Amino acid sequence: MNEALFTVNNLWILVATVLVFIMHLGFSMLESGFVQKKNVVNILFKNCMIIAIGLLTYYMMGFNLMYPGSDFEGGFFGFAGFGIASPDGVAGAIEYADGAYGYWADFIFQAMFAATCATIVSGAVAERIKLNSFLIFAAIFVAIAYPITGMWKWGGGWLDAAGFYDFAGSTIVHAVGGWAALAAVIVLGPRKGKYTDKGIKAIPGHSMPLAAMGVFLLWFGWFGFNGGSVLSADPVLVGLVFVTTSLAAAGGAVGAYFASWTLFKSHDLSMVLNGILGGLVGITAGADLMGPGEAIIIGLIAGAIIPFSVVFFDKMKIDDPVGATSVHLVCGIWGTLAVGIFGSSAGLSQLWVQLYGTLAMGAFAFVFAFALMYLLKVTIGIRVSEEEEKTGLDIAEHDMSAYQELKQTSFNYSVK
Amino acid sequence: MNEALFTVNNLWILVATVLVFIMHLGFSMLESGFVQKKNVVNILFKNCMIIAIGLLTYYMMGFNLMYPGSDFEGGFFGFAGFGIASPDGVAGAIEYADGAYGYWADFIFQAMFAATCATIVSGAVAERIKLNSFLIFAAIFVAIAYPITGMWKWGGGWLDAAGFYDFAGSTIVHAVGGWAALAAVIVLGPRKGKYTDKGIKAIPGHSMPLAAMGVFLLWFGWFGFNGGSVLSADPVLVGLVFVTTSLAAAGGAVGAYFASWTLFKSHDLSMVLNGILGGLVGITAGADLMGPGEAIIIGLIAGAIIPFSVVFFDKMKIDDPVGATSVHLVCGIWGTLAVGIFGSSAGLSQLWVQLYGTLAMGAFAFVFAFALMYLLKVTIGIRVSEEEEKTGLDIAEHDMSAYQELKQTSFNYSVK
Amino acid sequence: MNEALFTVNNLWILVATVLVFIMHLGFSMLESGFVQKKNVVNILFKNCMIIAIGLLTYYMMGFNLMYPGSDFEGGFFGFAGFGIASPDGVAGAIEYADGAYGYWADFIFQAMFAATCATIVSGAVAERIKLNSFLIFAAIFVAIAYPITGMWKWGGGWLDAAGFYDFAGSTIVHAVGGWAALAAVIVLGPRKGKYTDKGIKAIPGHSMPLAAMGVFLLWFGWFGFNGGSVLSADPVLVGLVFVTTSLAAAGGAVGAYFASWTLFKSHDLSMVLNGILGGLVGITAGADLMGPGEAIIIGLIAGAIIPFSVVFFDKMKIDDPVGATSVHLVCGIWGTLAVGIFGSSAGLSQLWVQLYGTLAMGAFAFVFAFALMYLLKVTIGIRVSEEEEKTGLDIAEHDMSAYQELKQTSFNYSVK
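Residue numbers (the working numbering), protein chains in the order written: chain L, 1 to 416; chain Y, 1 to 416; chain E, 1 to 416.
Some hints could be false.
Same chains, same names: a pair is fine if it fits in one copy or spans any two.
[Said to hold, decoys possible] Result set (BS3-like, lysine-lysine): computed pairs, CA atoms no more than 30 Å apart in a straight line:
(1) 37 with 390
(2) 377 with 265
(3) 192 with 317
(4) 377 with 390
(5) 198 with 315
(6) 377 with 37
(7) 37 with 201
Honestly, the hints are just simulated from the structure, not real lab data.
Just so we're clear, the structure is a prediction, and the values are computed from it rather than from any experiment.
Build the full structure now, drawing on both the sequences and the hints.
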């Protein structure tokens, strides 16, 4: 490959990395907006730590768990050792340059993906989980569980050999994160007062501008998430992926608009916001396989699913303050199956492998997350006290408030 | 053209697309910040739907109205059929690769532009327009009116043949959107209580951080809006466009600083914010033709225009809560004329064609928007009731509030 | 160099420029979030004007002071004249194309850097400085002081000849800005009521979501700040810089987490946010020289420094509302020294040149800023009145409030 073409391919992976990075701001703002005012510092703190923990654990072991190496084929588990290239690996990085991008670009792009998976959980368990328990959960999940299922497909594992298709991670990132969120919520239980004898209490988010900003930033980042997953700057494929990604998001907005009107007879902003995200999650598995019309249909359906799914989880007393399970789990499964239904890949045998692929990864992620969360529950505890939940985690865990109007005691530098 | 050069040119169009996309977040935040607290959800909802509607209608017909094809020359109207390339068009997309970028990149870059045009209107009519009436207006305007005038120049129509110059859309996007906004505001009327016997009532925006964020994001996106309009990654031209765009924005800030001090004897943040946008709109028509010094002058004048224009429209009882007509219409015209005054293109004959070009497009856009808005007014109605306007559109149209402090009744999943 | 490779290198400098630009939004949000509600408009106004002033002065003289030309070697001062390339320079820009990027890209990338340096000061002097005095200070500092010290290394001056290493500006941008901030704060004095007989009063910021948003945006922009400083799209080097930059930021978060827990026994969000920034500032001098493990260590130490440094400055009664001196000055020095301690560059002689390089630039910046601020103090005055400080600068200087709840008198277009 000539130097210029290699350079432009590599550059796109790096630019896509930057775009995926900003999804962490998107998640932070979305989750902040959807929680109550008294729990905003806590969400922001968690999101700052998750990206840090995600990058560090992926450096230490995740990358080598997920990509055990070129000799590895078709297995369930592989590991290429701790750490990534040592300083002399800089030279190694050049030799690696036979592919479409360099070693460092490969690592950092994948590392940004890894951290998003843990972030999905943080919204679902918001407003009642203990900070440090969550951080330990996130560290272990992103260091071990995410790379193992990811390897099954992207690292050349058994599901890759079986013909499972998941272009940019409807299952590998989103449904896996969504299953972990579901498991965590079940072990943790709902917020106090959410489900009462008198019905389901509405606990509205404290700032719709923050939530909307989060969704726009996530869409923005998704151009890197899906576009970068082409793994080169191929003009036709990256262009197509941009078109399908955008049209699916647009379809998601419209689908959620009509479905929420049908269900609630109101123009529900939260539903449209989550509908956009649902469309994006839905197209992710097949963004490079669909035509524009198919992308719109996939998005429309994903968006229409959202209000029904949110109602369903609430009826099951699965308390997810931001709708992460509906967006990432339900639409992630939908998008994975859509690969077997639409586009050039459509076919019953493909649909079948899509189904057992997503269920296999989901089963692993759910069981892993459930067991880990349960273990934390019976050891250090995972839930703040009722008193702390009522006061809010910002004061209880951080001794500060998100906004100046409320009591704030931080910035009080008495050394203890 | 060699593969690597084609790939980098195409990549820049795609990256520019991502930048233009985030302008929709910029508009959302700017408009949210400039409206009252009780109308924030409504603005956010509209902006989510506009980008969705813009992309979908541009896919369905806008793109083929605006670019009727290579055989088309010098006419007033052309249409290449519904929809864009079908799945077999993926192969077609490769053949298209004789140009500087691929078919998909071309479509998605132009589609992002289209949606911005409708967004310009949404700020001007904020705080009193009916949601669904506005969405119907936006859909029809972006599907039909914007592509027709756009075609006159960018699609190879009669104004292109006449020598009209509009590099990235001072007229084609901004003034056209601004004329539509003006027409819509005239049909709609001012907010209740804005213009009284006792004078003009100040109705300040609810959040300056959101407004400022919007302006920075718009400037950020403008690097893609203008830079991408080079239609290749040409190092000299894209570099020059970055320089002129930035310096014009800087000039706009300084121009508005001094003009608003002269007029109001205060350091008015709203004016400086709109001054930056005015500078950006002003340079857009000739960003590739000007030297740095000329860009600064164009921006200074655009910024200085803003406070005078805002006062003028208020005296005319044209109620535009965000100043969209001043920014996009007035500075759009100024920028279009500036192409005939400054730079290598300067000359009386050029100035003349710039004038009738911008007036021709403006006349079409104004009449189209006026007629459409009037038609909606006499059929389904375009204005919320006085009671609803007083309560705020968030409760009236969406049954929720933007912030937790206020009464919020959403997230109440009783199926109706 | 072939055309495609030149084009992709140049494109990366331009994309990096866009990323550095958005750091100005990052600073705006960070500083807005960390100040009190009554001073938010003032911070936003200053940040809008600083980027404008920075670009314009850099165009007028800064660029030619900082890069006196290829004939210049090893001196203390040089100047290539006022203004940049005239319109006929467009042709000149093509000839310049022997390097890795064009003339315009070079100018605009450097211009964005210049403006960040002045922004660092604005946070430290927030909540009590007179608007126009600050703007004059910023204009002179960015027009003269920053380019002179910058030239010593990046323009081929005496410190470059001496072997001083500062990849992307731990000293040249951050410590220089930090020294200027320190000087300004000393001349200006602390906010009223901050240091009393009863101890140090906590004055918490008014919005943690804005502050967190600022930090994420700064990290986002830092990919351009450090990545663009490779001055080409070199796949190995840009990739490595992305890895070291990200891992240092992650290390900074973790370092601040543990250090602030140790010091304050609380999970302090402000500290973790500044810890991330500290990690980023720390890696900036050697981002292209370190391996991933070294980057983590540099970041961990930088993050751990933050809480101690914040306490230290508070004990010295240096009142810096946003922690700019801790982040940019202290971690900037640390990062500069780290080049002599870690990586392939490590060694006592390198450490020595790093030390006197950072001290030499720091001494110049401190003395220049101190003298300039003092001159302003004894002439036009630099501090608002006690009454104005109590009321808040938003009303006092801008006659408006950041949020609608408070009294707002702007948008009142009576021409004076």
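Among all the numbered hints in the text so far, which are the ones the structure does not match?
Going through the list in order, the structure violates no hint and respects every one.
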